[in-house]
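S.K.: In case you want the letters, here they are:
There are 2 protein chains.
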Amino acid sequence: MYSPLIDELMQAFRVLPGVGPKSAQRMAFHLLERDKEGATKLAQALTDAVEGVGRCDCCQTLTEQSLCRICANPRRDSSVVCVVENPSDIIIFEQSGAYQGFYFVLHGHLSPIDGIGPSDLGLDLLESRFSGGDIKEVVLATNSTVEGEATAHYISEIAKSHNILVSKLAQGVPLGGELEYLDGGTLAHAISSRTRVE
Amino acid sequence: MYSPLIDELMQAFRVLPGVGPKSAQRMAFHLLERDKEGATKLAQALTDAVEGVGRCDCCQTLTEQSLCRICANPRRDSSVVCVVENPSDIIIFEQSGAYQGFYFVLHGHLSPIDGIGPSDLGLDLLESRFSGGDIKEVVLATNSTVEGEATAHYISEIAKSHNILVSKLAQGVPLGGELEYLDGGTLAHAISSRTRVE
Ligand SMILES: [Zn+2]
Ligand SMILES: [Zn+2]
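Protein sequence lines, in the order shown, are assigned to chains C and U. Position 12 of the first sequence, counting from 1, maps to 12 under UniProt numbering, and the rest follow consecutively. Position 114 of the second sequence, counting from 1, maps to 114 under UniProt numbering, and the rest follow consecutively.
Accuracy of the hints is not assured; some may be wrong.
No copy labels: a pair is met if it fits in one copy or bridges any two.
Claimed, not checked - Straight line, CA to CA, 25 Å or less: simulated DMTMM-like cross-link-like pairs of lysine to aspartate or glutamate:
#, residue 1, residue 2
1, K41, E180
2, K160, D77
3, K36, E64
4, K36, E127
5, K22, E64
6, K36, E51
7, K136, E33
8, K36, D114
9, K136, E149
10, K136, D124
11, K41, E8
12, K41, E149
13, K136, E157
14, K136, E94
15, K36, E178
16, K136, D57
No lab work stands behind these hints, which were simulated from the structure alone. Remember, predicted model here, so these are calculated numbers, not experimental data.
Could you build all of it, start to finish, from the sequences and the hints given here?
M.R.: As structure tokens, then:
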């Protein structure tokens, strides 16, 4: 409908979550009509991030360092590791101010139907951290969905085999909800009253 | 909060219309976690479009050619020109199937308070097209906002001074609305019953 470069740009915007044909068109025209500088900066930021950002060697969160800021911080409590599904979950924990330990990011959950098994989530890396001896407690903070709970259960079995205390967030996390949408206050409460998994 | 490259990417997404901090975060993580290839394509499409897309020499719409597809089409009716505010308005006209003439894209409307005057909209170029002698009618299809109407009035005065018939879209265009949100059927009706501006 438009000239090829504009069509391609609109199509390219469709890779973004929540962006349909109408939004893609608005984005393309907005940038080409009013903010070519912003478009160039976005292109550069995308290229830099794609090339530079990988996963933390220790917790698997997204970072351009070999160790993320949290894993590289010697003042964190190395006796606790909190397991989350997504990098953005870490931010919610940090904003709550109620957690001083380390993290482990699964980038998803176990999903046999999609062929996602323990090694895809890096659970071998997590188990090697359990073997290290520093970790005394693992806080399971996967989403409270069926898949999230199943993943948490799987990890709790590994942790117990290493004699590591397993806990999960206290009630207060809405059932069926995703951590990302939780406010800091609710989460702070859920962290401080986390319950032990027997 | 995140590592610098991720922060920069999130910030860069904020140039897109309708994208707040939360959407920007979701976009950045989605691409970095699940679609680096899509991110690279988007970066390339942005770069190509920023470098390649300019304005049609004749109608000012966005295109990477010196003449857009419509202006370069000898089978269009060269006796009518339709004046619209945005390139995307052209698509709505084309989809309606009710218009065979040419277009002229203002990329906005007169807005003295923002320092946007006739030359910023390319009205000198439009007037030189009026002077060419081919154009017998101008269809004013600016948005039916105060600024859009004022712009239409200004253009109608120029057109009349060149003895060009001036028309506007018939009732059917919702008052206070923007053309972009109109369906093709309503627009087709409005085009076929357009009224002459005296
Ligand atoms: Zn880390
Ligand atoms: Zn053109």
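S.K.: Treating 25 Å as the Cα threshold, decide for K41 and E180: within, between, both or neither.
M.R.: For K41 and E180, the Cα distance exceeds 25 Å both inside one copy (27 Å) and across copies (27 Å).
S.K.: I want to check one pair: K36 and D114. Are their C-alpha atoms no more than 25 Å apart within a copy, between two copies, both, or neither?
M.R.: Between. Shortest inter-copy distance 20 Å satisfies the 25 Å Cα cut-off; intra-copy 40 Å does not.
S.K.: Given identical chains, is K36 near E127, meaning Cα to Cα at most 25 Å, within a copy, between copies, both, or neither?
M.R.: Neither: 48 Å inside a copy, 28 Å across copies.
S.K.: Classify it for me, K36 with E51: is the Cα-Cα distance of at most 25 Å met within a copy, between copies, both or neither?
M.R.: both (23 Å within a copy, 9 Å between copies)
S.K.: At 25 Å max between alpha carbons, let me know whether K136 reaches E94 within a copy, between copies, both or neither.
M.R.: within (20 Å within a copy, 67 Å between copies)
S.K.: With identical chains treated as interchangeable, where does the CA-CA distance between K136 and E33 reach 25 Å or less: within a copy, between copies, both, or neither?
M.R.: neither (57 Å within a copy, 29 Å between copies)
S.K.: At 25 Å max between alpha carbons, let me know whether K136 reaches D57 within a copy, between copies, both or neither.
M.R.: within (20 Å within a copy, 70 Å between copies)
S.K.: Evaluate K136 and E149 at a C-alpha cut-off of 25 Å and name the case that applies: within, between, both or neither.
M.R.: Cα proximity of K136 and E149: one copy only (21 Å, versus 71 Å across).
S.K.: When no copy is specified for K160 and D77, does a C-alpha distance of 25 Å or less occur within a copy, between copies, both, or neither?
M.R.: Intra 20 Å, inter 79 Å, cutoff 25 Å: intra-copy only.
S.K.: Quick one: K136 to E157, C-alpha cut-off 25 Å, is that within a copy, between copies, both, or neither?
M.R.: Intra 15 Å, inter 81 Å, cutoff 25 Å: intra-copy only.
S.K.: With identical chains, the pair K36 and E178 could be close in the same copy or across copies; at 25 Å between alpha carbons, which is it: within, between, both, or neither?
M.R.: The answer is between: 24 Å across copies meets 25 Å, while 36 Å in one copy does not.
S.K.: Which holds for K36 with E64 at a C-alpha limit of 25 Å: within a copy, between copies, both or neither?
M.R.: between (27 Å within a copy, 14 Å between copies)
Violation of the numbered hints given earlier is confined to hints 1, 4, 7 and 12; the remaining hints are satisfied by the structure.
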